[in-house]
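**Student:** Single-letter residue listing:
2 protein chains.
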Amino acid sequence: MTVLLGVDLGGSSTKVVLQHGSTVRDQRVLPGRLSADGLPGLAAALRDAAGGDEIAGVGVTVPGILDETTGVVRRSVNLPWLDGRDVAAEVSALVGAPAVAMHDGRAAALAEAVLGAGRGTRDVYVLTLGTGVAGAHVVDGSARPGAHGAAGEIGHVSLDPEGLPCGCGQRGCLETVVGAPSLLRRWQQRTGRTGGAVSAISDAADAGDPDARAVLDEAGAALATALLGLVAVLDPGLVVLGGGVGESGVLRARVEAGLRARATFHVVPPVVPAGLGRWAGARGAALAAGRVAVAG
Amino acid sequence: MTVLLGVDLGGSSTKVVLQHGSTVRDQRVLPGRLSADGLPGLAAALRDAAGGDEIAGVGVTVPGILDETTGVVRRSVNLPWLDGRDVAAEVSALVGAPAVAMHDGRAAALAEAVLGAGRGTRDVYVLTLGTGVAGAHVVDGSARPGAHGAAGEIGHVSLDPEGLPCGCGQRGCLETVVGAPSLLRRWQQRTGRTGGAVSAISDAADAGDPDARAVLDEAGAALATALLGLVAVLDPGLVVLGGGVGESGVLRARVEAGLRARATFHVVPPVVPAGLGRWAGARGAALAAGRVAVAG
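Here the protein sequences come in this chain order: A and B. When you line the first sequence up against my numbering, it's residues 1 to 296, in that order. When you line the second sequence up against my numbering, it's residues 1 to 296, in that order.
Check the hints yourself; a few may be wrong.
Unchecked claim - Stretch by stretch, here's where chain A covers chain B in the computed footprint (C-beta under 8 angstroms, at least three residues):
#1 56–64
#2 131–144
#3 151–160
#4 234–248
#5 263–270
FYI, nobody ran anything at the bench for these hints, they're computed from the structure. Predicted, not measured: the structure shown is a model, and the values here were computed from it. Cβ coordinates follow ideal geometry from the N, Cα and C atoms, glycine included.
Work out the full structure: start from the sequences and follow the hints.
**Tutor:** Quick look at the structure:
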């Protein structure tokens with residue numbers, strides 16, 4: 001028996017999923033932020049998870065930008081020791097199996113498109129709403145990285161040249177309306193409540209709170225604008241909304257209503273919630289592992 | 001010796017290109033608009049072009065929307081007899097060789113990306129400026145049709161919700177600024193000159209005419225806005241500008257300057273003129289023919 005391992009390197013823990021073929025057999029969370037010194041320990045944990053089975057391949061997500069041709073990490077804000085390293089080659093040497101690295105968001109989107117909400121659809125756009133807003137276009141089971149590994153920055157499409165300044169240097173980016181900090185700021189402006197997570201807004205909206213609904217209405221309208229342009233250019237078969245507030249039913253209903261109201265020639269795709277939750281990155285890494293795996 | 005044939009069905013003529021492998025051996029223009037009754041005559045012309053050589057495959061462009069899975073034409077405004085027909089299957093039966101149909105703009109973009117200005121780049125966005133404005137994303141030699149054959153409508157991305165009404169039912173679409181009718185209208189407003197072709201504007205701009213330059217400045221700024229969003233989402237390695245005014249050096253310079261001035265995190269791709277001219281559609285059809293060809 002051979003196994004595939006998907007490793008999701010995060011800022012506060014490392015998640016590992018173990019699969020026989022496409023079947024998940026084990027999921028483990030290794031607490032703490034991995035350091036460079038921790039790679040041999042990670043390799044030992046992977047061998048331990050595999051038990052006596054042969055490891056056919058390992059996929060490793062990277063929280064940052066990597067050159068998907070060479071596998072070298074260009075820049076990781078959360079795990080800066082990764083900068084300039086070919087982490088897949090290091091894991092491969094330690095584990096004794098082929099390994100491949102992948103951008104974490106792209107891995108999660110790949111898993112959502114292939115195994116999660118997009119399963120069975122060939123052309124899926126996955127939009128993940130968190131502090132940032134990222135997209136990934138997954139066609140025929142491949143999450144397209146772009147020519148320089150920089151595709152998916154739909155959060156930094158400017159919708160309004162007179163809009164709020166964005167951290168990216170432009171104004172009026174989608175992220176300035178629907179990113180979590182912006183949602184919390186608008187929530188605070190309306191209610192005076194500070195702190196908290198965007199899930200509080202989404203829960204309040206589900207319960208009918210008018211302020212929460214107004215905040216999500218505005219976010220839904222901006223998302224519909226951005227998605228209408230995306231539909232014109234890419235014609236995806238399905239849009240998956242994930243991330244903190246992305247799974248809010250109120251928001252999704254607003255996005256779909258906005259798309260339907262404003263579409264003219266467009267073929268409006270269904271908009272569905274992500275389904276794999278916080279294991280999506282590791283599942284995507286295991287998918288990637290299957291593509292570099294040795295037959296066994 | 002086997003040959004590949006690319007057939008570009010147009011509203012006023014049919015163009016045929018004959019290739020041995022990837023080498024063009026013959027180009028013919030069959031004058032007049034093809035009718036349904038003309039298919040046997042087209043097949044005879046194709047056999048004549050092939051001489052004694054075996055036809056390994058035929059590609060046929062369709063000026064309209066087709067279902068690229070089944071090959072059936074959904075709607076062709078210019079050749080309405082094609083509606084509901086599987087023209088590739090008809091040509092295949094008449095010629096006795098495999099045949100495949102393809103959207104004409106997508107075929108031209110494929111040829112530009114693979115054989116023309118995009119040769120050697122894996123990820124190319126081709127933007128064709130004419131009466132309409134169409135795009136095609138060509139990745140690894142494949143021009144992506146979208147989930148419903150409707151991808152590429154970058155001309156109908158709304159840049160300004162308060163902008164001019166567009167034929168598509170939205171307002172402020174890119175096409176309302178850079179489509180040929182819009183360019184001619186603005187040129188007329190500035191100069192009083194009516195009629196003529198957009199090439200007159202582009203020639204006048206090349207000669208330094210300030211009105212022509214102002215018209216192309218405005219068009220270049222709108223194109224830069226649309227392309228900046230496209231670069232954020234798709235990260236293409238190269239943008240090819242084609243079509244009537246697309247090859248204007250003044251316009252291209254404005255687009256590149258606009259992109260460079262406004263890019264923040266973006267990796268700005270080179271913007272280059274299309275190179276294959278009016279044979280691009282037939283060349284793309286021949287490329288498609290090579291993919292369905294029988295070995296010979």
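**Student:** Now look at each hint and say whether the structure bears it out.
**Tutor:** Hint-by-hint comparison with the structure:
Given as covered by chain A, the segment 56–64 of chain B fails the check, having 0 residues with a CB less than 8 angstroms from a CB of that chain where 3 are the minimum. Figure legend: the segment 131–144 of chain B, annotated as covered by chain A; annotation consistent (4 residues with Cβ-Cβ distances under 8 angstroms, at least 3 required). Counting residues of the segment 151–160 of chain B whose CB lies closer than 8 angstroms to any CB of chain A gives 7, which reaches the minimum of 3, so the coverage claim holds. Taking a C-beta to C-beta cut-off of 8 angstroms, the segment 234–248 of chain B contributes 5 residues in contact with chain A, enough for the three needed, and the coverage statement holds.
Remark: the segment 263–270 of chain B is confirmed as covered by chain A, as 5 of its residues place a Cβ nearer than 8 angstroms to a Cβ of that chain, reaching the required three.
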